[in-house]
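Each chain, written out:
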Amino acid sequence: MGRGLSRRDFLRAGGGALVGAYALGLAGCGGEQGGGSGGNTLEFWAFDEGRANLGRAALKTDAWKEAHGDVKVNFRIFPYEQMHDKLLTSLVSGKGAPDIADVEISRFSNFIKGDELPFLDLTDRIGGDIDDVYKPAATDPWTWQGKIYGVGNELNTCVLAYRKDLMEDAGVTTPFETWDDVVAAGQEISTADRKMFALHDLAFGDHYMLSQSAGTAYFDDGGNYIGDNEQSVEAMQYLHDMVYELDIADIAPVVASDNWYPPQYRAAFKAGRFAALFGPPWHLSFLLSDVPDQLGKWTVQKLPSGLGDGLPTANFGGTGQCITTQSENADAAYDLVRIANLTTEGVVADFEARTAYPAYKPAYEDPALQQSQEYFGGQKLGQIYSSLATGLPQFNQSPVWGQATEALNREVITPVMQDKMDAQTALTDLRATIEGMKQG
Amino acid sequence: MANTTERQRRGRLSRKLRGGRPGGRSTIAPYLFLLPFFLIYAAFLIYPVLAALRLSFYESSGFGGDTFTGLANYARLAQDSRYLEALKNTTLYALASVFILSPLALLVAVAIRSFVVPTAAFKSFYRIVFFLPFITSFVVIALMFNLVFNNDFGLLNNALSALGLPTLDWLRDERVALLAIILVGIWTFLGINALYFLAGLQNIPEEVIEAAAVDGANRLQTFWRVTLPLLRPVILFVVVQATIFSYQIFEIPFLLTAGGPSDATLTLAIYLYEVGFREFDRGYASAIGYSMAIIAVVLAAAQLLAARRFDR
Chain A
1 MGRGLSRRDF LRAGGGALVG AYALGLAGCG GEQGGGSGGN TLEFWAFDEG RANLGRAALK
61 TDAWKEAHGD VKVNFRIFPY EQMHDKLLTS LVSGKGAPDI ADVEISRFSN FIKGDELPFL
121 DLTDRIGGDI DDVYKPAATD PWTWQGKIYG VGNELNTCVL AYRKDLMEDA GVTTPFETWD
181 DVVAAGQEIS TADRKMFALH DLAFGDHYML SQSAGTAYFD DGGNYIGDNE QSVEAMQYLH
241 DMVYELDIAD IAPVVASDNW YPPQYRAAFK AGRFAALFGP PWHLSFLLSD VPDQLGKWTV
301 QKLPSGLGDG LPTANFGGTG QCITTQSENA DAAYDLVRIA NLTTEGVVAD FEARTAYPAY
361 KPAYEDPALQ QSQEYFGGQK LGQIYSSLAT GLPQFNQSPV WGQATEALNR EVITPVMQDK
421 MDAQTALTDL RATIEGMKQG
Chain B
1 MANTTERQRR GRLSRKLRGG RPGGRSTIAP YLFLLPFFLI YAAFLIYPVL AALRLSFYES
61 SGFGGDTFTG LANYARLAQD SRYLEALKNT TLYALASVFI LSPLALLVAV AIRSFVVPTA
121 AFKSFYRIVF FLPFITSFVV IALMFNLVFN NDFGLLNNAL SALGLPTLDW LRDERVALLA
181 IILVGIWTFL GINALYFLAG LQNIPEEVIE AAAVDGANRL QTFWRVTLPL LRPVILFVVV
241 QATIFSYQIF EIPFLLTAGG PSDATLTLAI YLYEVGFREF DRGYASAIGY SMAIIAVVLA
301 AAQLLAARRF DR
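So the sequences go chain by chain: A and B.
For the first sequence, the working numbering assigns the number 1 to the initial residue and increments by one for each residue that follows.
For the second sequence, the working numbering assigns the number 1 to the initial residue and increments by one for each residue that follows.
Worth flagging that the hints you see were computed from the coordinates, not collected in a lab.
You can trust all of the hints, since none of them are fake.
Away from chain A, derived, C-beta distances all over 10 Å, residues of chain B:
| hint | residue |
| --- | --- |
| 1 | Val108 |
| 2 | Ile141 |
| 3 | Trp224 |
| 4 | Leu230 |
| 5 | Arg308 |
Ranges between beta-carbon positions, derived for each pair:
| hint | chain 1 | residue 1 | chain 2 | residue 2 | range |
| --- | --- | --- | --- | --- | --- |
| 6 | A | Asp290 | B | Ala159 | 23 to 31 Å |
| 7 | B | Asp66 | A | Tyr80 | 22 to 30 Å |
| 8 | A | Ser372 | B | Leu77 | 55 to 63 Å |
Just so it is clear, CB atoms sit at the ideal spot from N, CA and C, and this is done for glycine as well.
Taking the hints into account, I'd like the entire structure generated from these sequences.
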């Protein structure tokens with residue numbers, strides 16, 4: 001005769017289930033690696049529709065169809081934070097990671113903590129193609145200890161852009177040779193309602209660009225912090241002074257959720273509150289989409305000299321495609337990365353879709369990249385960017401890059417740009433914070 | 001014959017499900033219905049909680065193996081200036097929840113129930129109006145308050161200007177950013193807390209209030225001497241849950257200020273997220289999580305003990 005299940009039995013069974021679940025969980029954490037889609041399918045994670053289209057465009061090329069026409073690619077687009085967080089957890093757990101993932105420059109540092117990198121070393125696969133790219137934009141940010149783990153397509157050559165019509169009306173001579181010329185022009189055109197620049201107090205980008213132009217970086221090639229050297233301090237002080245001493249800049253109208261160019265920042269340019277900016281092509285692209293009525297009024301030039309070494313450009317931003325070690329179809333995954341980033345056909349498709357200037361050198365011979373840009377008074381931006389790209393400073397990655405730049409925002413950029421701390425003290429104090437960060 | 005056997009077989013199965021006793025009360029079936037919940041609960045809550053406890057005793061960062069470090073992660077908390085800053089900010093937020101939000105919620109509840117809101121229709125209207133923020137998505141709330149607090153064209157600064165008062169950069173000035181977060185917290189959670197008090201007020205028998213009136217007590221005396229003491233269990237509940245939820249506050253400051261400027265609105269939950277996903281230090285993040293749980297449990301226990309002592 002059957003016996004009824006008592007509460008004690010149930011608790012016992014429940015306890016067993018708990019232990020089973022725990023054991024299952026532990027097994028999940030320590031089990032064999034497995035991810036991607038396997039077989040004839042690739043999983044591709046991105047955080048931006050435009051970036052996913054870079055991959056989709058590769059699928060339409062003859063090269064892909066011939067080699068992997070039977071391979072299906074699933075593109076999944078997540079919000080920026082969610083995608084990187086999911087990628088981290090799936091790679092740590094050893095299960096569920098995609099074959100290919102877009103990894104933004106400042107989030108790559110998390111993936112190089114520890115001895116076992118979760119991405120495939122692509123150095124040998126790239127081989128001789130490395131000579132065809134501008135390395136600081138295409139591979140440096142995803143390079144660690146001499147090995148390349150990702151390939152980026154965006155050439156982030158920084159330039160100075162300004163309203164030529166306003167300069168001409170004010171009788172200012174352009175292009176600007178030195179930053180002193182820029183300041184003089186700024187003082188000429190600045191009023192209570194209009195300034196030359198909108199400088200950021202929640203993001204490190206302005207300082208990062210100017211300190212590179214001054215000839216320095218945040219880390220040397222050994223991964224040591226050098227952000228408190230003379231050039232870096234000079235760049236930070238200069239940014240501060242443009243707002244509080246020279247009166248040619250205002251603090252950029254941004255918010256914490258988008259600390260670079262949110263709608264209110266774009267609206268301020270549309271309203272004519274700012275007459276110039278410095279940044280990479282992806283930054284300038286908002287002018288075309290959000291400030292169309294200023295068509296033909298803007299022009300671009302190299303960064304002026306007069307600050308430190310006075311280099312004509314800097315590197316800022318970027319996203320690379322990385323292949324995870326969980327991929328079971330690495331050959332097809334790499335071919336997709338190669339066609340998207342290292343062929344003229346692939347990068348021109350991306351340029352035509354979202355005006356992303358490529359880091360792949362031969363593409364600049366394509367007519368699409370030699371066209372003049374009506375918005376910028378007929379200038380040929382492809383030529384300008386590619387000619388400056390040869391002078392791009394090397395990017396030195398570090399396992400604490402992301403953390404260090406967060407600390408920089410917190411301990412240097414905000415207090416200095418809000419006039420609460422001097423540049424020298426803030427950058428020097430930051431050394432202790434960065435040196436206290438875990439490298440692995 | 002065959003039909004009889006089939007009936008007997010079905011009868012046995014039915015008895016098994018009822019606990020084996022013919023006509024007895026069912027014992028297995030309810031547990032079988034409950035089992036999926038407990039399995040899911042074990043896999044998705046108990047397991048992570050236990051795994052995080054284990055992890056908090058390990059050096060577990062980056063890709064590679066974990067190393068047992070005992071209480072090192074917990075010892076690190078006391079020396080971590082960012083953790084202490086987050087603890088301070090979160091405690092200030094919790095204090096505001098207890099000493100500003102809770103009394104305001106009581107005031108709203110009393111006002112809705114009193115002669116201030118005369119008709120039943122108005123009472124329902126105000127109940128809904130105050131409750132709506134609680135069921136609004138945090139993302140929508142953040143978008144809305146980004147506009148309210150905007151330095152150039154924000155509603156709040158416009159109102160301050162109209163009154164001849166100085167304007168403030170609410171979300172970017174570290175002196176007032178936490179105050180802005182507290183204001184949003186009050187706006188969001190006022191309704192639900194007022195609803196708790198309304199439920200408590202409705203449970204107070206009318207005869208007690210009438211008896212006080214007969215004894216000559218005016219409205220204020222009735223409130224202080226009758227209503228408030230009878231509301232003590234609800235007050236305790238509101239204060240305890242406000243404290244516990246305050247120590248978990250994440251979405252509003254994360255979406256509005258991301259913990260900035262310069263950590264002025266960094267809360268324990270945001271710091272936990274940063275350590276776990278931006279610094280990728282899983283062991284230390286687990287220790288932060290457990291410290292939050294311990295703080296919440298200790299404070300809730302202290303409040304319950306204090307209330308019990310007060311009752312005696």
